[in-house]
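One line per chain: the protein sequences are C and A, in this order.
Anchor point for the first sequence: position 8 equals 8 in the working numbering, and the numbering is continuous, going up by one each time.
Anchor point for the second sequence: position 5 equals 5 in the working numbering, and the numbering is continuous, going up by one each time.
Bear in mind the hints are in silico, worked out from the structure with no lab data behind them.
Among the clues, some could well be false.
[Said to hold, decoys possible] Listed next, with one range per pair, are the computed distances between beta-carbon atoms:
| # | chain 1 | residue 1 | chain 2 | residue 2 | range |
| --- | --- | --- | --- | --- | --- |
| 1 | C | S5 | A | E64 | 30 to 36 Å |
| 2 | C | E20 | A | G96 | 29 to 35 Å |
| 3 | A | Q82 | C | E85 | 24 to 30 Å |
[Unchecked claim] Non-contacting residues of chain C with respect to chain A, defined by C-beta distances greater than 12 Å in every case (computed):
| # | residue |
| --- | --- |
| 4 | P8 |
| 5 | K11 |
| 6 | E20 |
| 7 | T30 |
| 8 | G51 |
| 9 | V74 |
| 10 | R81 |
| 11 | T104 |
All C-beta atoms, glycine included, are put in the ideal place defined by N, C-alpha and C.
Below are the chains, spelled out letter by letter.
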Amino acid sequence: GAGVSQSPSNKVTEKGKDVELRCDPISGHTALYWYRQSLGQGLEFLIYFQGNSAPDKSGLPSDRFSAERTGGSVSTLTIQRTQQEDSAVYLCASSLNPRAEKETQYFGPGTRLLVL
Amino acid sequence: AQSVSQHNHHVILSEAASLELGCNYSYGGTVNLFWYVQYPGQHLQLLLKYFSGDPLVKGIKGFEAEFIKSKFSFNLRKPSVQWSDTAEYFCAVNTGNQFYFGTGTSLTVIP
């Protein structure tokens with residue numbers, strides 16, 4: 001596709017419910033990243049997928065957070081039993097080849113999650 | 001742990017004023033450096049990047065940044081800002097394993 005796409009663009013949910021956020025990276029990009037952007041904060045790294053390798057989950061804040069990447073393309077970030085502090089903008093980014101010297105990330109528009 | 005610091009959280013300038021946004025990082029190895037911009041209602045876009053070579057890099061819309069290795073800095077500059085430069089600016093560092101972002105600087109340009 002022309003760029004990274006994410007859905008939904010906005011999500012309002014009740015505390016305790018599960019949510020799924022989707023990311024479609026740029027076609028051919030092997031690397032996919034999830035970040036969280038809270039009000040007044042920078043981008044907080046959550047998880048990183050590279051090809052068929054095991055994902056780097058070091059940034060996931062709790063075991064309520066998980067992510068999958070099917071077929072090396074689309075990724076889904078799942079938050080179980082949502083809490084109000086999960087409210088944030090969740091950003092996805094992809095890059096062509098993270099081991100290349102000149103790697104650049106391309107970001108999607110984000111999903112704005114509000115947990116009531 | 002690696003970190004990226006943006007000391008200016010909110011900057012307000014009049015049109016035609018000069019801009020400099022600070023960015024410092026803590027990592028002793030080789031890094032690639034980036035500035036991203038997020039205009040109101042839009043998603044993050046790459047403004048400019050440094051990988052190697054000339055430490056003064058030029059990006060889109062008249063922005064430039066200078067990598068000073070001894071100071072672990074990558075400050076963003078523009079000689080004359082415009083109202084349309086109103087946005088959030090993020091500095092980022094790639095250490096080869098992961099990207100680290102600063103907390104962002106909100107720039108407001110007053111016409």
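Here is how each hint holds up against the structure:
no.	hint	verdict
1	S5/C <-> E64/A: 30 to 36 Å	31 Å, holds
2	E20/C <-> G96/A: 29 to 35 Å	31 Å, holds
3	Q82/A <-> E85/C: 24 to 30 Å	37 Å, violated
4	P8	15 Å, holds
5	K11	16 Å, holds
6	E20	20 Å, holds
7	T30	15 Å, holds
8	G51	15 Å, holds
9	V74	18 Å, holds
10	R81	27 Å, holds
11	T104	6 Å, violated
Of the numbered hints listed earlier, those contradicted by the structure are 3 and 11.
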